[in-house]
Structure formats: C-alpha cells, structure tokens
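Okay, here's what each chain looks like letter by letter:
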Amino acid sequence: MNVEGQQANPAKSGLEGIKTLAISVSSSRLFWTGLALFIILLVDLMISPNFFEIRLVNDRLVGSIVNILDNSAPYALLAIGMTLVIATKGIDLSVGAVMAICAAVAVTLIKQYEAGATEFYYQPGFVILITIGVGAICGLWNGILIAFLNLQPIIATLILMVAGRGVAQLITNGQSPTFTNDTLAFIGRGVVWGVPFPIYIAFVVLIFVTLLVRRTALGLLIESVGVNDRASYYAGIQANAIKVFVYVLSGVCAAIAGMIVAGEVKSADPHKAGLFSELDAILAVVIGGTSLLGGRFYLFLSVMGVLIIQSMLAGLYVSTLHPTTNLVVKAVVVLAVLLLQSPEFRRFISQPFGKLSRRRR
Amino acid sequence: MTTNPQQMTPLLEVKGLTKTFPSTVALSEVDFTLLAGDVHVLVGENGAGKSTLIKLITGVHRKDAGTILLEGKEIDPRSPRHAQELGISTVYQEVNLIPTLSVAENIFLGRQPLRWGMINMRAVERQAKQLLKDFNVDIDVTRNLSSYSVAIQQIVAIVRGVSLSAKVLILDEPTSSLDHHEVEMLFSVIRSLQARGIGIILITHFLDQVYAIATRITVLRNGKKIGEHLVSELPRVQLITEMLGKELTKDSDEQDENAISKHANSETFLKVNGFARKGTIEPFDLEIRRGEIVGLAGLLGSGRTEVAHLIFGVEQNDKGEAYVNGKPVNIKSPRQAIRHGFALCPEDRKIEGIIGDLSVRENIILALQAKMGWFNYLSRQKQNEFANQMIKALSIATPNAEKPVKELSGGNQQKVILARWLIANPDFLILDEPTRGIDVGAHAEIIQIIKRLANEGKAMLIISSELAEVVEYSDRVMILRDRKKVRELEGNDINENTIMKAIATD
Ligand SMILES: Nc1ncnc2c1ncn2[C@@H]1O[C@H](COP(=O)(O)OP(=O)(O)OP(=O)(O)O)[C@@H](O)[C@H]1O
Ligand SMILES: [Mg+2]
Chain G
1 MNVEGQQANP AKSGLEGIKT LAISVSSSRL FWTGLALFII LLVDLMISPN
51 FFEIRLVNDR LVGSIVNILD NSAPYALLAI GMTLVIATKG IDLSVGAVMA
101 ICAAVAVTLI KQYEAGATEF YYQPGFVILI TIGVGAICGL WNGILIAFLN
151 LQPIIATLIL MVAGRGVAQL ITNGQSPTFT NDTLAFIGRG VVWGVPFPIY
201 IAFVVLIFVT LLVRRTALGL LIESVGVNDR ASYYAGIQAN AIKVFVYVLS
251 GVCAAIAGMI VAGEVKSADP HKAGLFSELD AILAVVIGGT SLLGGRFYLF
301 LSVMGVLIIQ SMLAGLYVST LHPTTNLVVK AVVVLAVLLL QSPEFRRFIS
351 QPFGKLSRRR R
Chain W
1 MTTNPQQMTP LLEVKGLTKT FPSTVALSEV DFTLLAGDVH VLVGENGAGK
51 STLIKLITGV HRKDAGTILL EGKEIDPRSP RHAQELGIST VYQEVNLIPT
101 LSVAENIFLG RQPLRWGMIN MRAVERQAKQ LLKDFNVDID VTRNLSSYSV
151 AIQQIVAIVR GVSLSAKVLI LDEPTSSLDH HEVEMLFSVI RSLQARGIGI
201 ILITHFLDQV YAIATRITVL RNGKKIGEHL VSELPRVQLI TEMLGKELTK
251 DSDEQDENAI SKHANSETFL KVNGFARKGT IEPFDLEIRR GEIVGLAGLL
301 GSGRTEVAHL IFGVEQNDKG EAYVNGKPVN IKSPRQAIRH GFALCPEDRK
351 IEGIIGDLSV RENIILALQA KMGWFNYLSR QKQNEFANQM IKALSIATPN
401 AEKPVKELSG GNQQKVILAR WLIANPDFLI LDEPTRGIDV GAHAEIIQII
451 KRLANEGKAM LIISSELAEV VEYSDRVMIL RDRKKVRELE GNDINENTIM
501 KAIATD
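In order, the protein sequences belong to chains G and W.
At position 193 of the first sequence the residue is numbered 193 (my numbering), and the sequence of numbers has no breaks.
At position 30 of the second sequence the residue is numbered 30 (my numbering), and the sequence of numbers has no breaks.
No lab work stands behind these hints: they were computed from the structure.
Treat the hints with care, as some may be off.
[Claimed, not checked] With a cut-off of at most 25 Å between alpha-carbon atoms, the simulated DSS-like pairs for lysine-lysine come out as follows:
hint, chain 1, residue 1, chain 2, residue 2
1, W, K350, W, K403
2, W, K246, G, K89
3, W, K129, G, K89
4, W, K451, W, K271
5, W, K392, W, K246
6, G, K89, W, K271
7, W, K332, W, K271
8, W, K406, G, K89
Same shape as in the complex, but just chain G (with noise of 0.2 Å):
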C-alpha cells in the first residue's frame, strides 16, 4: 500500500554503493566476532613473535595455532549443541556433567574389553555407540522434564548439573581409571595427516549439525520455537519434539567431548572431566551472537566464540603474566568482545566522532 518510496534509490554512485556496501558489513555479526578473533591472535603474536610457528615434528604438526584448535575441539562440540539449545530459549547447564559421566562409561567398558572381555558390547566400536547413547539418553532426561513437565531448563539440567558427577563416580566406582586402548585413545590424541584427530572431529559435526538444521526446516522451528513456543504451537509446530531434540543434540555432543577428553589423558576423571565446560560454551554462543532469549542462532559464530576464548588462553599461557591474574584478564577480554559487537555501545562510543563529522560538513 504504501511502500512506494521507501526503497532506498537504486541509482546509486558507486561510492554511495561502496559506502552502503561497508556499511552493510560493518553491521554484520561475522565482521564484529571476525575482527575480535583478529586483534586476538595479534596480541597473543606481539606477545610471542613466534605464535603462528608450526613445525612437523614426529608427523605431527605442533605450534600454538595446531594447540589452539586442538584444545578448542571438545568446546566446539559442546557450543553446536548448547546454541541450538539456547535458540530455543533454554539452556543446558549439564553438559560438563555429561562429559564426566560419558567418559566414565567409555573408559568403563573398554578396560572390561581390556581385561579379555569378549562380548560384543565390549568392542572398543561399540563402546563408542553405547557412549553416544547414553550421552543422547541424558538429553532426553532434560528435554522430558523441560518439553513435558515444564520445568525450567535452568533448573532442570542443574539436576543433572549435579547429580551427573555422582552418576559418573558410581560408574567408576569413585576411581579415575586408565585404561591403553588406541581406538578410544585416538578420539582424544589421533592425529591424521599432521593434524589432530579431535580437530577432524568437531569440524565434522560443525557441518553436518549446519547442514541439519539449514537445510531442513529444523533451524526454522527451532528458531521460531525460541522467539514464541505458544504461537508456534497455535501454528502447528511440535514444540515439545523440537526442544527434546535439541537437547538430545547437545548430549550427544556432550558425549563425543567427553570421550575426546577420556582419549587425550588416557583416563576418566569423574571429578574434573569436563568441569565448568558449560560455562564456556554458554559463553562461546553469547560471544557467537546467539541471544539467551531465543530465537536467531549463528552455529559458525559460536565455534568462532570458542576459538576467541581459546586464542585468549594460548596468549596467557606464553604470556609473562602471573598465571593468578588469568581469570581477570579472561573476564576483562570477554567484556571487551561483548562491548564491540554491541551496536548500541558502538553507536554510543561513536557518536562523538560523528558528531564532529557532521559539524564539519
């Protein structure tokens, strides 16, 4: 009716066409998270001129970049699951607890295997499946209580949250065994033509859960889900099904992490695998531009909020700095990320500047 107009004029010069052009980029979420990571590596390079070396050693490639997404693996993994789920306006406080509890079971049953068990289900390829499963069945856990008996997914994944390390010591028996298996130890430590396995791994998952989503019309549901889970029930949506998905998602995700972790220290410590992992994922998917309230979710975005907190720590470590004060600093640099991707606070910072511009003309 009346949006005649309103278009922006076509017949641009092609300088206003750059301009719009810069513009257009400099309000997208990638530019904003892109050029953290950027200034990021940096001054983790002016820290240590030699932060980008990378050498073959052993046909293994080594350097900080290599140990960077190494490390980065099982948080990446953690953020694909944990951003679908705060899409749909929940959370998932468990998934550390889920790591401890899947890496216990896999390291479990593989030192039965160790000892000469012959059963099927001890096979180091089916301790592999049955891990995944039970980290999927602890998804179902939190989706019944969220989806069916509304609990609040806060407080429902803090059941688990809880409850889920004692589950692990009661599958260890309060131990943290070891255990020399290759095939499970290769999730954590492998490495395939120079380059760590668990690297294979999360970018494996990255894609297939993007593929999934983005070319099915599960990103949509889940996305319409988080923004109103009643008018999309009025619409016809399973509302339920999709939040137990994604929870189910992010156990499973949970679970691979878990058994990285297992595989690198060759062990399953139910007390400190995994610990506090939630909390960086949470953060990953904030920095990623995922809102807590639901709704747009960035899966790229997110796994490149990993690697800015990954990037951050690998500069502390070879940075002179008391290791007391890394906490801090990490709080400090995470402000930071979150103040420049802010439109809000890049307007208000600006506005000065802006000001003067105009003054001028």
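Given the structure of chain G, go ahead and fit chain W with the ligands onto it with the hints provided.
Frame of chain G; chain W with the ligands shown alone:
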C-alpha cells in the same frame, strides 16, 4: 482547510517531525498541534505512521529531525518514563501492565506511598479505589488485574497514566478489543478527562468512534500529514478519501439472499455435538458446511474465543463429539486440527500469532512448513514466491519480505497471520477478530477475501465484535451469552437488531 488554532499556546506542538527506519521512511516532516481539552484523533492506513508519531512524542524512538514543544517549551523525551515525568502519559496498542499484580499495585507501581520505608498497602488501595471512582468505575482493586476484562485493564492503564499528573494523554487503538458498552465506558472516562483540560490524542480505525468523540482529526498517509480538520467540518467520505488517497470502492456483489439454499446441498464439513468444557463453555452444537460462513457473536468474555480454542484443540472438550466429513475425530492439539484441514487466526496476535524476530517470509510459510514436516523443507525460491504473492494479495505494507515482522505496523502484522493460514490452504478457517486493528481500506479487502474463500468452498467460522461485519458475510450466526450458546440465526433473521437482542436479553 486547516483550522485556525486558537490564540493561546497549544498544549503540545510538533513541527517537522521525521523518522527513518532502515529501508522505511516512517514519518516525514509531520506537524501536529494539540490543544488543551481537545480529543484529537489520528487516522490513517495501516503503516501510515500513527504509532511512530506517538512513539517519537513519548520517547520510545528518538526523532531524526523536528521539534516537540510542550506548553511552548521545547522538550526532547528520552524514554516513556521521561515523557511521563514531563506530563505525557501513554496507553499503547497493547496493554503494558503487569497482569499478576493487583489493580491497586498496577496503578501505583514504582511510586507507592511509603510509611516508614514500607509500602503502605492500605493507602495504596484506598487511593486507587478513589481514583477509579472519579471515573464511575467501582471495582475491587485488590484483585489481580488479569481477572478483569480488557476494557477495565485499559481504564486502569489510563488511570495510572493520568494520576501521574498528566497534561497529555495518548491512547493508541485502545478500543480495538472492546465491545459497545466498554467503548462507552472508556469514552465517558475520556470525556471527564477532557473536561479537566487534559489534551487527548487517540488513534482508532473505527470511524463511528471518530465521529462520536473527536473534536479534531489529523490524517496521515505514507508517513506524511494529509490534513487537519475540525470533526464538524469533515464529511466521512472526504475522510476516507484522504486516508486512502482514493475513494473506497464499494463492493458490488450484494448480500446473497439465498445464502442458505446455496449451501443446503453442499456437504457438511464439521459437525459438533454437545461440545463442552467445564468452567469454559456449556454444551453446544454446531454444523458448518463447505462454502458456508458462520458468524460467532457475543460480548467479550461470552465464550467466543473459547469455542474457537475448543474446536481447534488448544483446549480439550470434556463432553461431546466432533465429526469431520462425517467421520468422528478426536482433536487434542492444534497440530492434529491442522492435519484435518483446520486453521485458526488467533485473537491475540502478539502472544499467539506472530513470531516477532522472524521475517515476514518466515512467518508466512510457518504453518505450511509445520504441516509439511521437519525434513521436507520448502525451497527458498518457493518461500519467496509464497511470501511475495501474499504481500501483494493482502497489500501488506513492508519494503520487502525479509523485514522482521515485529517491525511492521499492528494492522500489517494481522495480515501476515492471515497470510500464514491462506498459504496453508485449509478446508476450514476459524478467524478470531480478523479485522481488528485493520484500516478501512484493508477492512473491505479482508471481507472480500472472506467471501471469496467461502465461494471457493471453504468452511468458515468467524468471531467478530463488529455486528455490521457479521451481518454482511454470515450465512448463519451463532450467539453466545455467559459461556452458553443462546441462539442461532439464519437467513433473513440476520440483522444487527436481532443479534443485539439475542446478545443482550433472554
Ligand atoms: N521498529 C521499526 N523498525 C523498522 N520499521 C518500523 C519500525 N516501527 C515501524 N516501522 C515501519 O514504519 C511504518 C509506520 O508504522 P506505524 O507503526 O507507525 O504504523 P501505524 O500507522 O501505527 O499502523 P497500524 O494502523 O497498522 O497500527 C511501517 O511501514 C512500519 O513497517
Ligand atoms: Mg499502530
């Protein structure tokens, strides 16, 4: 044309007000003058910029250019709270109070009288009661706000507003969900405020109401001011022409006298026997044939929306049975209803309708996509086709299909929800207040669409508070009173008088 404002300084004066959103000029160089004791009505099509003008005056949005003068002094409201401190109170399109607090608490929220640092609840309640009594509204102020009708809630919002020593009171479509009595109640409140010398700005799409209460009218179109008139000097036809920029095309096809016989031999789509839910609605029967329009009339709170919810499976019946195409069905959720070819455009578009952050395109294809399943994703090209087709068919005012639906004007959001269901191609449509908040031009269009859908053989159940509208399109009218079906009218019995009578008396 423009009337000469009196010699005294106007209460509120706005000059050259301009607001641009990315890709939309919502308001351009609008002048507006409000005198003390005036009821100044803003009219215009959906998306004309009425709400935007209000939001600039009340500091919800910041203006790009222009000046706002209150009693001759320039002001620059930074937030609704700031505007309120300056003396400009607003009741927005959607009531913005807290439903779980009591009426008294809502009125005094954030400024309760204290006694020794504690909230003096007794004083709060006494003062709240007095404030409401001043407007001849006598209710129990200790009860939760949500236990009262929307009309009372509106009045509570107004009382809250004016008790903050307001000089200007702004009401954005306060009457769109009220019935006749409630509108009268609201108007008497407005008149007594007018007598106190408060300036009132009112937005409404109901022309009858414009002529009942306005002293002055300003017409907006496409973000521009078209004219300002004393109501006594502006005939209705001219008002509509100014709003639309053209004359309203009278729909030519007259009401079909033989409506009943036309459908007499078309097959029954939905049949409901003794449907009931305890505490919600008494047992009722209903039968709707293909191509037939059944109107559902009754006062607010008479159970109209509940009937719709029961049929659509939002709530479950505890008595009675339903048949679709002659086969018994047991519908337990909207999803199952949709599977049987049902659709429901809900009454409360903000909570039950739109998905605010998603785009117009995504909102339009949502129900269809939900029906098709998770893995059968509509191609982007198809989505664009559907969205653009509907934007055109319903003349939804949006620069493109990718705009987040929450940034559309209220009436255009309503059209998006209608579009969502039209795309899903249902056999049976339930429309709960489909024309609420919709401008006169679009109003006529929507009624055309309703008739066309019926002609295409769709069964329709339409809830509306506008009796003229119900009379115009209904083949039959079901009337509810106090959560009970009291009458069903057919054929020549359908006119505003009989409906009114059935609604009001036994
Ligand atoms: N926050 C926003 N962001 C972008 N565009 C907006 C925003 N708010 C309003 N608009 C646009 O500004 C125009 C005017 O909207 P406005 O809400 O003022 O219309 P209105 O006259 O109140 O219509 P209605 O009768 O439907 O309520 C519309 O085209 C709308 O899409
Ligand atoms: Mg409006």
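Now the hints, each set against the structure:
no.: 1; hint: W:K350 with W:K403; result: holds, 17 Å
no.: 2; hint: W:K246 with G:K89; result: violated, 46 Å
no.: 3; hint: W:K129 with G:K89; result: violated, 40 Å
no.: 4; hint: W:K451 with W:K271; result: holds, 21 Å
no.: 5; hint: W:K392 with W:K246; result: holds, 18 Å
no.: 6; hint: G:K89 with W:K271; result: violated, 39 Å
no.: 7; hint: W:K332 with W:K271; result: holds, 16 Å
no.: 8; hint: W:K406 with G:K89; result: holds, 18 Å
Hint check: violations occur at hints 2, 3, 6; the rest are consistent with the structure.
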